[in-house]
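**Student:** Sequence:
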Amino acid sequence: MRYMCLTGPTFTGVGTEYAALLDVARNLVRRGVAAVVAPQLRVSQPAWLAFCQTLYTGLTKMQPIDGAIVDARQAMAQESDDLGWGAPVFFSRCVDGYLFDDGTLPDAPLPEDHQARVTSRLNSLRIRTASRETMSEWSQGLNPRRGDR
Numbered sequence: 384m385r386y387m388c389l390t391g392p393t394f395t396g397v398g399t400e401y402a403a404l405l406d407v408a409r410n411l412v413r414r415g416v417a418a419v420v421a422p423q424l425r426v427s428q429p430a431w432l433a434f435c436q437t438l439y440t441g442l443t444k445m446q447p448i449d450g451a452i453v454d455a456r457q458a459m460a461q462e463s464d465d466l467g468w469g470a471p472v473f474f475s476r477c478v479d480g481y482l483f484d485d486g487t488l489p490d491a492p493l494p495e496d497h498q499a500r501v502t503s504r505l506n507s508l509r510i511r512t513a514s515r516e517t518m519s520e521w522s523q524g525l526n527p528r529r530g531d532r
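Just so it is clear: in the sequence shown, position 49 is 432 by this note's numbering, and no numbers are missing.
Rather than coming from a laboratory, the hints here were simulated on the basis of the structure. Computed from a predicted structure; not experimentally measured. Treat each hint with caution, since some may be false.
Derived CB-CB ranges, DEER-like [as the list claims (entries may be wrong)]:
hint: 1; residue 1: R409; residue 2: G480; range: 14 to 24 Å
hint: 2; residue 1: V501; residue 2: D449; range: 25 to 35 Å
hint: 3; residue 1: R414; residue 2: G450; range: 51 to 61 Å
hint: 4; residue 1: M445; residue 2: P492; range: 27 to 37 Å
hint: 5; residue 1: P429; residue 2: R385; range: 24 to 34 Å
C-beta atoms are modelled at their ideal positions from N, C-alpha and C, and glycine is treated no differently.
Using the sequences and the accompanying hints, generate a full structural model.
**Tutor:** The structure is reproduced here in structure tokens:
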């Protein structure tokens, strides 16, 4: 799973339900979900809908999630006069911010010394071939005859 949006009760005050949502979000990211958004306090329903609509629109346009969240918070601020735009908390494991790849994203460039490092590591391996005699000795060591015990 790449993304989850947790929502809480929209008509109650700040309470333990929001702290629980933040704990759930944190644990989901620790367990491998790429990104989770959860409210940390009560948000009006129109403001939350503006947030979600703008966020999902940005994600469908392959926008990095952190940029989509900034746009979504701005939409929330325009929808409501309070400080609800600061309610969504964003947890992420995404290095580059992109949740999805439609094939148009460029591959991450390899470091300049990548080829030299790989070659060095391969050359440092000690690859030995086993002769028939060595394999026979190993076989006897692993499966000793009953009389040899």
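**Student:** Compare the structure with the hints numbered earlier in the document and write down the numbers of the violated ones, lowest to highest.
**Tutor:** 3, 4
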